[in-house]
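K.L.:
Listed below, chain by chain, are the residues.
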Amino acid sequence: MELGAYSFGDTPRNPDGSLRPTSEAIRNLHEAIVLADQNGLDYFGIGEHHTVDMPASSPGTVIAAAASATKQIKLGSGASIISTDDPVRVFQQFATADAVSGGGRIEITAGRGSSVETFPLFGYDLSDYDRLYAEKLDLLMAINSSKTENVTWSGTVRPALDDLAVVPRPVNGRLPLWLATGGSAPSSVRAGELGLPISYGIIGGTPSRFAPLAELYRATAAKAGHTGDDIKVSVATLGLIAPTKKEALERFYPGWYNLNIEMGKLRGWPAPDKRHFLAQAAFPGAYYVGDPDEVAQRVVDLHGHMGHMRHFLQMDIGGLPHEHFLESITLLATEVKPRVERLLKNR
Amino acid sequence: MSAPQNHPAEPRTIGVLGAGRVGTAVGRQALKAGYDVLVATSQPADDIALMVQIMTPGAIAVTAAEAAGSDIVVVAVPLHKYRTLNPELLAGKTVIDAMNYWAPVDGEIDDFENEDRTSSEIVQAYLARSNVVKTLNHIGYHDLEVDGQEPGSERRRALALAGDHQDAKELVSRFINRIGYDAVDAGPLAAGRSFQPGTEIFNGSHTADQLRSILAALREPARA
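These protein sequences, in sequence, are chains R and B. Final position of the first sequence in my numbering is 382; the numbers increase by one with none missing. Final position of the second sequence in my numbering is 207; the numbers increase by one with none missing.
Wrong hints could be hidden among the right ones.
[Stated by the list, open to error] Each computed DSSO-like pair below joins lysine-lysine, with the alpha-carbon atoms no more than 30 angstroms apart:
1) 109/R / 267/R
2) 300/R / 64/B
3) 281/R / 309/R
4) 15/B / 258/R
5) 64/B / 258/R
Derived by calculation from the structure, the hints in this document are not laboratory data. Given the structure is predicted, the values throughout are model-derived calculations rather than measurements.
All chains, full assembly: derive it from the sequences and hints.
P.N.:
This is the structure:
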């Protein structure tokens, strides 16, 4: 079981709650990835977000920088909003990072994204939502699976490629390409039909309720004749690890509160409710907040339902103090991971 | 959540249009309550059979036309696709509109932006010969399968419904009650404004008494 982290970038806050420069969020993120690598964490994902409090708008750039500063950790997007980007450029950026990394550590996760802020930003029409996603995913897959540098593709949302070079090629021929989903059944069917690995983002409720989706994904892939290493499941959830459960809750709650206030302003949500937070932050809720023992047990419990091969946590939200982020990453790699391995072996 | 009885006015078959998170949750909850459930999407029935079998075990994958033959049809497609519904198929039917217009999350949709009418009134205008009832839009799909309780349970959660067709509302009220919730009639379809996104009812969980007092308070200024 691989363990990891993911982040949308988290703009630090001053004591009065005001936001510090967005550039600090990117520097902090880079530092966290380097530390994660040094501690032996398996994976770090960078989600594409375009807001002042979550400014990791350019995952490929963050990943390229991290690729040169790390040795073993796998780096991916979580997710790349391909509907409103050019798959040629996304592929080139990640293939470039792959070359910098030495090869084999760079992944692309394609998704629709949980919000629609990229549509006005890049001048796309939301009524094209489905067509943009389907065609751009098709193009990204065509480039990635191409046997040669030159690619031929045509569609309606982007000029055709007529035997044009898309370089560099990945060191190992192609990049791992995942589909991200928030848990709608048709997305699981799509990933299964395409034979792509799937990444579930579980942001609330009871995570084991995603088990039928993973079953649907695997059954669809089998029916479509897809077998082998590409048929696999990863899970992304919120979470934070501290030496004690009490500290983990105290550290994570203020950022969770801030995030929900910000999102609530945008989306008309009610004021955050601490009872809701505490319910989600304990078994069987969706927030993996606790000491290393509890988080390890809960990851392994979910593994019994989902059979996922990677579980990664979003920790830095709402201005989480940087030292708490770094300590959580360290504990995940050095304390949770051996516990998870032991629990899985003794099942 | 006992099984529906064989009574003419009692809905027995629930058609669900849409197999996303809301549609599958409604389908499972209806199955638990003993209904026959038919699920349709824009795909051919054969193509969604596996999905329906795993996500809503016991339901049957059908075409939209077959689903439209149900006693109640629940529309749970992304709102921007509402014009893919076939008004002819749904003519004369009781239709639950579980959709929401939520621009910050789903983006702006021309038909609904700069509109005084509620999203369900616009859907009703499109499905001109259907009896549209707005409900199930203001409970999370996680909660729908968790919060339901037997009739008469203490502090049972209630759901509001709004519509311009009394018979349809009564049919839907029975359905809502059977799947675990008290049903509170908020009034005509336009009254669905009081439980659209961003409202107190949309954001919270309420008993029938609480819903009635919120709805009464909202009506008060109009009387003054």
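K.L.:
Taking the hints in turn, state whether each one holds.
P.N.:
Against the structure, the hints:
no.	hint	in the structure
1	109/R / 267/R	16 angstroms, holds
2	300/R / 64/B	26 angstroms, holds
3	281/R / 309/R	14 angstroms, holds
4	15/B / 258/R	28 angstroms, holds
5	64/B / 258/R	29 angstroms, holds
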